[in-house]
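> Residue numbers (the numbering used here), protein chains in the order written: chain A, 1 to 343; chain B, 1 to 326.
A portion of the hints provided could be inaccurate.
Claimed, not checked - So, partial list: chain B residues that the calculated Cβ filter (under 7 Å) puts toward chain A:
{"hint": "1", "residue": "Thr182"}
{"hint": "2", "residue": "Asp185"}
{"hint": "3", "residue": "Ala190"}
{"hint": "4", "residue": "Ala239"}
{"hint": "5", "residue": "Pro258"}
{"hint": "6", "residue": "Ser296"}
{"hint": "7", "residue": "Arg298"}
{"hint": "8", "residue": "Ala299"}
What the hints assert, rightly or not - Here are the simulated DSSO-like cross-link-like pairs (lysine-lysine), alpha carbons at most 30 Å apart as the crow flies:
{"hint": "9", "chain 1": "B", "residue 1": "Lys139", "chain 2": "A", "residue 2": "Lys286"}
{"hint": "10", "chain 1": "B", "residue 1": "Lys139", "chain 2": "B", "residue 2": "Lys117"}
{"hint": "11", "chain 1": "B", "residue 1": "Lys145", "chain 2": "B", "residue 2": "Lys121"}
{"hint": "12", "chain 1": "A", "residue 1": "Lys286", "chain 2": "B", "residue 2": "Lys201"}
{"hint": "13", "chain 1": "A", "residue 1": "Lys286", "chain 2": "B", "residue 2": "Lys145"}
{"hint": "14", "chain 1": "A", "residue 1": "Lys286", "chain 2": "B", "residue 2": "Lys237"}
{"hint": "15", "chain 1": "B", "residue 1": "Lys237", "chain 2": "B", "residue 2": "Lys201"}
The hints are simulated quantities; they were obtained by calculation from the structure and are not laboratory data.
These numbers come from a predicted model, not from an experiment.
Backbone N, C-alpha and C fix where the C-beta goes; we use that ideal spot for every residue, glycine too.
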Amino acid sequence: MTPTAATTTTMTSPAPARDRVLVEARAIRKVFDLGSHFLERTRREVKALNDVSITIRRGESFCLVGESGCGKSTLARVMMGLLPPSSGEVHFDGTRIDGLRHKARKPFHRRMQMIFQNPYASLNPRRTVQQTLEEPLRFHRPDLSDAEVKAKVEAVMVSVGNDPSWGTRYPHEFSGGQRQRISIARALMVDPEFVVADEPISALDVSIQAQVLNVMMDARDQRDLTYLFITHDLSVVRHFGTRVGVMYLGSLCELAETKTLFANPRHPYTRLLLSAIPRVSTEEMKPPGLPGEVPSAMNLPSGCVFHDRCPLAEARCSVDVPAPLPQDDGTLVACHAVEEGRG
Amino acid sequence: MPLLDVRDLRVEFPTRHGVLTALHDVDFTVDRGERLGIVGESGAGKSVAAFAILNLISRPGHIAGGSILFEGQNLTRLSIHQMRRVRGNRISMIFQDPMMTLNPVLTIGTQMVETLKAHRKIGDAEARRIAATRLGEVKIPSPDKRLDSYPHELSGGMRQRVVIAIALLTEPALIIADEPTTALDVTIQAEIMSLMLDLCKTHGVGLILITHDLAVVSQVTQRVVVLYAGRVVETGKTARVVQDPVHPYTRGLLAALPGEGTAGARLNQIRGSMPPLTAVPAGCPFHPRCDHVQDSCRAALPALEDLDGHRVRCTRARDLASGVAA
Ligand SMILES: Nc1ncnc2c1ncn2[C@@H]1O[C@H](COP(=O)(O)OP(=O)(O)OP(=O)(O)O)[C@@H](O)[C@H]1O
Ligand SMILES: Nc1ncnc2c1ncn2[C@@H]1O[C@H](COP(=O)(O)OP(=O)(O)O)[C@@H](O)[C@H]1O
Ligand code: SF4
Ligand code: SF4
Ligand SMILES: [Mg+2]
Ligand SMILES: [Mg+2]
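Just chain A, same shape as in the assembly (with noise of 0.2 Å):
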C-alpha cells in the first residue's frame, strides 16, 4: 500500500477499524426525467446512472474521476442522501440511509458533509464567515455555549491556515483559495466521518490548488476523516487518492488501488484518460489515439457505453453490458476483451 501519512497517523492516534465499510452504493441507478417534447410522443430521460456500486472503507481517500456529465456529481449527491436514487441502496456505517425520512435522517448529515467545486456560489455572501461557520454548529450541536461555539469556530480556522480574524468579512472579500478554505471548514465544523469533496479546486489556479489539497490532507490526517473526492484531473488522483472508480456515460468502468490504476490501467477507456493526461514536456502534443466524441445520456449506447470509441470493441459489445468483475488483484474490470483475455 502507498505510505500515505493517514496510514502513519494511525500508530498515534486511536486505530480506527480499517478496513470496516464506511459507505456502500449498492446498484445505483438514477434516471432524470425531462418531461416530453410537444412533438415528440416519447417522454425523455437522462440515463445519469446505470447499476453502479462502490464500496468506501473507513480512512480512504476515494477518488471518482470521469469527463464532465458521466454522473461523479449525481452519484456524489445520492450518496449524501440528497437526491433519491431511481433504484438500488446507500448504506452508511451499517444503516440503509436512502429514503430515511427528515428526522431520522439529521443524525448522518452530521456525519457527511459535502465541499463544492464552486467556492464562489456554495457560501451565502449575505452572512459574515462567523455566520455561515456557526450555523452548522447551532443546528447539530444546540448542546454548546455561545463561547464554546466561537472557540470551535476559531480552533477549526486555525486548523485550515484561515486567519481568525475572518470572520468579521463576508465571501466577496475573499480570493477563490480562500473561499474554498472556507468552505472546507465550514464542512469540518460538526466534525464529520466523511467528507464529499465535489471537484474542490477545478475552479482555482494551479498555484492555489496545491494550498487547499494541502489543507485538505492535513485535515485528513488529523481527524481521520474519509473522502469522496471527485474530480476529472488524474494528477490529483494519483497525489491524493488511495483507490479509484473511474466513471463512463453513467457507467462504473474500473475500480482499484490508484497505484494500481496507474501501473497497470486495464479498461480501454481507463487507458485512453491516463494516455491523455497533460505534463509538462517539451515533445509536443499527440491526439490520444481514440477518436470521436463522448454520446450523450439522453441517448445512450446500447451493450457497453464505450463501444463506438472502443478499439477492442466486437460484435458482443454492442448488445451485452459487461458487469464490473473482479481480478486476480482485487480491481474491478467492467469489459468483455478484459473478461477474454484480449485485453
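Please build the complex by placing chain B with the ligands on the supplied structure of chain A, with the hints as guidance.
Chain B with the ligands alone, transformed into the frame defined by chain A:
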C-alpha cells in the same frame, strides 16, 4: 520584422478604487507561423492582452500607452472601420466558450458562408464548398451534412472544432485562442490541441495560446510569456522556461503541479495569493510571496534581465539562474 510586435502596452480600467493597471508595459512579439503561449493565473491580464490586440477593451477601459504593430500597421491607431478589416480576417479569435463565436439561431453552414462572403467576393456554392473542406480539416464527420446543423445539436468538443474551422476560413496570419480547451475533458482537449498545432503548422498561421495550463503550453508553443499581476515576469523559449525556470514565481507554479512531488506528500505551494491589481505592492510585485526577497526587491520594479534570450524580471535573476541563490 515580427508579424506582431507589442511594445510597452499599458491597459487601464478606471474603477471605484482608483485606476487599475491591467497590463503594465507589456512587451512580446510573434513571428510568422510562430506559436506563443501566454500563461498566468486568473486575473493576471492574459485575456486583457488578447482584447487589447483586437481593440476590444470595453469602455471605460482603454489602452493607455504603447504600440501594437501587426503586418506593418499600428493597431492602436486604426479607425473602427480599418480595424474591422483586421479582426476576424487577418487575426481570428477563439474563446473558451464556443457560443461567444457561434450564433445559436443560424446553421453552421450559414455562419461559415456569411463569414467568407464578408471578406471575399465569392458565390454561395463556392463558399459552401470551402466551408465543408474546413469542417473536414477539423475532423468533423460528414461535413456536408453538418453544415445544416445548429450549434445546440453538437457536443462542446464539436462546437469548438467548428469555431476553429471558422477561425481558419479567412486564412488569417494570426489566431488568438483564449483558454480554448479549458471547458473540455482531457481526451477531447488532447485531440483539439493537437489538431490546432497541426493546422497552425500546415497553414503557416501564428498562434497566441492563452491558458493557465503549463502542460498544454509546454506541448504546443515555442515561446512563452509568464504574466504576474499585469507584468511580464519571465519570457523565453518554452522548453527552457518549463525545464529551467528562473523567476521564483514560474518556479513556484511548476513545482506546485501534482505529479511533481511524491504521491501523498504535501504539495509545494506558493504562499499567499496574487494581489488585486488595484493594490499591487511597490517594487517587485511578487515580493510578499517570494522566498528569495531582499531589500532591493521592495525598492523598484526590477527590469527584465536578459539571460541570452531568456528574459526575467527579478533583481536576483543572475544569482538564481547560476544557482548561487537556489
Ligand atoms: N471591464 C473591466 N473592468 C474592470 N476591470 C477589468 C475589466 N476587465 C478585466 N479587468 C481586470 O483586469 C485584470 C486582468 O483580467 P483578465 O481577464 O485579463 O485576466 P486573465 O488573466 O485572463 O484571467 P482568467 O484566467 O481568469 O481568464 C483583472 O484584475 C480584472 O478584474
Ligand atoms: N437535475 C438534473 N436534471 C436533468 N439531468 C441532469 C440533472 N443533473 C444531472 N443531469 C444529467 O446527468 C448526467 C450526469 O451529470 P453529473 O452527475 O452532474 O455529471 P459529472 O458530475 O460527472 O460532471 C449529465 O448528462 C447531466 O446533464
Ligand atoms: S466491453 Fe467491449 S466496447 Fe466495452 S470497453 Fe470492453 S472491449 Fe471495449
Ligand atoms: S525581485 Fe526579489 S522578490 Fe521579486 S522575484 Fe526576484 S528575488 Fe523575489
Ligand atoms: Mg460535476
Ligand atoms: Mg481570461
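> So, for every hint listed, does it hold in this structure?
How the hints compare with the structure:
Because the smallest distance between the Cβ of B/Thr182 and any Cβ of chain A comes to about 10 Å, over 7 Å, the interface hint for this residue is violated. Annotation: interface hint on B/Asp185 holds; nearest CB of chain A at approximately 4 Å, less than 7 Å. Interface hint status for B/Ala190: upheld, as the beta-carbon distance to the closest one in chain A is roughly 4 Å, under 7 Å. At about 4 Å, the closest approach between the beta carbon of B/Ala239 and any beta carbon in chain A falls short of 7 Å, and the interface hint on this residue holds.
The criterion of a C-beta within 7 Å of any C-beta in chain A is met by B/Pro258, whose closest approach is roughly 4 Å, and the hint holds. For B/Ser296, the interface hint is violated, the least distance from its beta-carbon to any beta-carbon of chain A being 24 Å, above 7 Å. Checking B/Arg298 against chain A by beta carbon gives a least distance of about 21 Å; that is not within 7 Å, so the hint is violated. Hint on B/Ala299 is violated. Least Cβ distance to chain A is approximately 25 Å, over the 7 Å limit.
A C-alpha spacing of about 15 Å is found between B/Lys139 and A/Lys286, which places the hinted pair at or below 30 Å, so the restraint holds. Restraint check for B/Lys139 and B/Lys117: the C-alpha separation of about 23 Å stays at or below 30 Å, so the hint holds. The straight-line distance between the Cα atoms of B/Lys145 and B/Lys121 is roughly 25 Å, inside the 30 Å bound, and the hint therefore holds. Taking the CA atoms of A/Lys286 and B/Lys201, the gap is about 14 Å. The hint holds against a cut of 30 Å.
Taking the CA atoms of A/Lys286 and B/Lys145, the gap is about 28 Å. The hint holds against a cut of 30 Å. At most 30 Å may separate the alpha-carbon atoms for a hinted pair to count; A/Lys286 and B/Lys237 meet this at roughly 20 Å. For the proposed pair B/Lys237 and B/Lys201, the alpha carbon gap of about 18 Å is at most 30 Å, so the pair holds.
Checked against the numbered hints above, the structure breaks hints 1, 6, 7, 8 and satisfies the rest.
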